[in-house]
Amino acid sequence: MNETNVFPEYYLIPLNAFKDIVLDDVDQWVYAFKNNEVLDEFSAPGIGALKKKLDYLGMDEKERRRFDRHVDYARSDWGMIEHAREEGREEGHEKGHEKGLKKGRAEGRAEGRAEGHREGVARGRELGWEEAEVALLVRLLEYKFGPLPTEVKERIEKAGPEKVALWERRMLSAGTLNAVFDDS
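Take the sequence shown: its letters are residues 1 to 184, numbered as in full-length UniProt numbering.
Worth flagging that the hints you see were computed from the coordinates, not collected in a lab. Bear in mind that the values here come from a model prediction, so they are computed numbers and not experimental data. Fair warning: there could be bad hints in the mix.
List time: in silico DSSO-like cross-link candidates among lysine-lysine, alpha-carbon distance up to 27 Å [as the list claims (entries may be wrong)]:
id : residue 1 : residue 2
1  : Lys52     : Lys19
2  : Lys158    : Lys99
3  : Lys158    : Lys144
4  : Lys95     : Lys163
5  : Lys163    : Lys103
6  : Lys62     : Lys51
7  : Lys102    : Lys153
8  : Lys52     : Lys62
Use the sequences and the hints to build the structure in full.
Here it is in structure tokens:
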């Protein structure tokens, strides 16, 4: 029968004897436990998670509730964003695929069915992804800021994929619709 040690060894570190001299990762952890604080220059593995936990525990009850509500709201928003993104991609993929097939058929007759089909499907996928991203951005902006003016929708539809991706990133932290499109 295989024996295992069910009584692990424990080491007690007298924190009050620690002189707050930080030379290595272990010293960073001891300092943090002794002083209930993680200094900004600390870089020991895992110390960032302790800093977040200490910051959270340092909040009063009202701040903690407000923070928890914010985290719950952010998680909910991310879930909706991911769902909307998936719907937008599917919708754009279908539209792009249809367009690509139509274009591929027309070109395929002129250049040969095999080559035209490959080009049409590839272009359809590309157009589908681009249209999906445009549809996603419009949907997310409307979700966050309400109905969009026609000129904003037209601007989004005319933009290239890089610009649409930039606006998507800005939308996550923008407080106003203008902040999403501000290029200054």
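Inset, instruction - Output the numbers, in ascending order, of every earlier hint that fails for this structure. - result: Violated: none.
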